[in-house]
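S.K.: In case you want the letters, here they are:
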Amino acid sequence: MAKQHVNTTINGDPVEFLCEPDQTVLDVLRDVLGLTGSKEGCGTGDCGACSVIVDGRLSCGCLMLGAEAEGREITTVEGIAEGDKLHPVQQRILEEGALQCAFCTPGFVVAAKALIDQNPDPTETEARYWLAGNLCRCTGYDKIIRAVMNAAADVRGEAA
Amino acid sequence: MEYQSPGTVEEAVSLLAGASGTSKVLAGGTDLLVQLRSGFVEPDLVVDLKRIDALTSITEDAGGFRIGAAVSCAELGEHAALSAAWPGIVEAARLIGSEQIQSRSSLGGNLCNASPAADTVPALIAARAVCSVVGPGGQRDIPVEDIVTAPGETSLQPGEIVVSLNLPARPSRSADAYLRFIPRTEMDIAVVGSGVSLTLSEDGTVSDAHVGLGAVAPTALLVSEAGQALVGTSCDDAALDAAAAAASAACDPIDDKRGTVEYRVRVAGVLTKRAAAIAYQRAGSR
Ligand SMILES: Cc1cc2nc3c(=O)[nH]c(=O)nc-3n(C[C@H](O)[C@H](O)[C@H](O)COP(=O)(O)OP(=O)(O)OC[C@H]3O[C@@H](n4cnc5c(N)ncnc54)[C@H](O)[C@@H]3O)c2cc1C
Ligand code: FES
Ligand code: FES
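Line by line, the protein sequences give chains A and B. For the first sequence, the numbering used here begins at 1 and goes up steadily by one. For the second sequence, the numbering used here begins at 1001 and goes up steadily by one.
It cannot be assumed that every hint is accurate.
Unchecked claim - Simulated restraints, written as ranges between beta carbons of each label pair: (1) A:L33 to B:S1014: 31 to 39 Å; (2) A:N7 to B:S1224: 48 to 56 Å; (3) A:V15 to B:D1053: 23 to 31 Å; (4) A:N11 to B:G1077: 24 to 32 Å; (5) B:G1138 to A:E73: 33 to 41 Å; (6) A:D13 to B:A1080: 31 to 39 Å; (7) A:N11 to B:S1201: 54 to 62 Å.
Calculated from the structure, these hints are not laboratory results. All residues carry an ideal CB built from backbone N, CA and C; glycine is no exception.
Based on the provided sequences and hints, a complete structural model is requested.
M.R.: As structure tokens, this is what we get:
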């Protein structure tokens, strides 16, 4: 099977990789590039643990072929913090203790960042709908939602 | 498996025509990737349609719209003119899956995957959408309700692809609506879906109406009797009840964990009535 040769941008850096035609973006991130922040919970689009941002749109890494990444810009959880400075979503998840096993956390971080990028002032209902594609088996969601709402306030420069 | 991403419809058609084993076209991949991963489909060739302009753009054409078959549901929702003219189609598209799924899923994929419960298909049927299909034999136009022939099966010939879904120009005082019933508020498969599109004459009575139903038969249905029940009325209770009865009568559903036959038949009527009332109110406010 001929490998695909792909040129793409990941977290702002040009990246070149070879992958099998049937490998997903998630497979490539984890198994080819060693970016293991994105998780595979289901592989069927239901859990959101594999969430990445592709050309500005929140997507499931498990439902996209690596070959489809050609020429696209991908942001993964590894690209959300700025150097050592955590993104407000990450900081607030820490402060709220909005995780237990944390398997879902990278997906929530990426999904919440995508939400706040396009709507820095979401209502709680909007945030809950936006995150409907991210499942958490442990926390019961309230702490996650609180963290996301507080992070949005931080991004707007308001004290929460 | 080989992956190709042609830049034109002609290239896509010739790749498919030249393929020796089984081939699949790829739009958003939200059905296909799941099927690939589970081994349900094992194509030798996958042809990605997302680098082809005609499949990824929305154009306004003589008052109507040509929606590229691979345009994402998220983009449909962001298109102001389309959302204003066809709120029912856009609300159906915006019900599909999560934000993550919306970023990728398309009308062409929703249709050609041929699930009886596909959300956009009843809305597209009610809208009298026509598919522009291109294949080795050239181009042909097919009414959307003639694409799916059975669960998982379509009337597309080998090597044919749906290039666009074409919506007709609308008279003023026209609108559509789509409602589905699921046991939760997000991320589930329709128990019943109903799309209604109608046009009012100047005196406020319905001059033209069409009803599409999903998840109540092996394929989505165009229920002419339900549309006819609304024509000439001002969607008063008697007319809505008649449309509901016609919708229920057209159902031939399965019994499963999501709903019994009796339940689906009943809900098809209720949703049709409600969708008709919403479409009527929208059309009247134009
Ligand atoms: C978590 C999750 C939730 C979902 N929720 C819903 C829901 O609420 N409602 C709903 O209706 N669906 C739902 N779906 C199913 C799916 O997202 C939709 O059917 C979607 O519209 C498919 O579009 P796609 O572009 O991703 O199709 P793809 O997966 O790319 O293609 C689907 C099929 O159609 C064929 N095809 C695609 N485009 C064309 C074309 N232009 N010409 C010919 N054949 C073509 C492909 O070969 C394939 O067989 C869900 C899926 C997931 C994973
Ligand atoms: S691993 Fe992609 S959605 Fe679950
Ligand atoms: S913290 Fe365990 S799945 Fe969310």
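S.K.: Now look at each hint and say whether the structure bears it out.
M.R.: The hints, checked one at a time:
Range check, L33 (chain A) to S1014 (chain B): about 34 Å between beta-carbon atoms, so the 31 to 39 Å window is met. Distance hint check for N7 (chain A) and S1224 (chain B): the Cβ-Cβ separation is about 52 Å, which falls inside the suggested range of 48 to 56 Å. At roughly 26 Å, the beta carbons of V15 (chain A) and D1053 (chain B) sit within the given window of 23 to 31 Å. The beta-carbon spacing between N11 (chain A) and G1077 (chain B), approximately 27 Å, falls within the hinted interval of 24 to 32 Å.
With their beta carbons about 37 Å apart, G1138 (chain B) and E73 (chain A) fall inside the hinted range of 33 to 41 Å. In this structure, D13 (chain A) and A1080 (chain B) meet the distance hint of 31 to 39 Å, their C-beta atoms being roughly 35 Å apart. At roughly 58 Å, the beta carbons of N11 (chain A) and S1201 (chain B) sit within the given window of 54 to 62 Å.
In terms of the numbered hints stated before, the structure departs from none.
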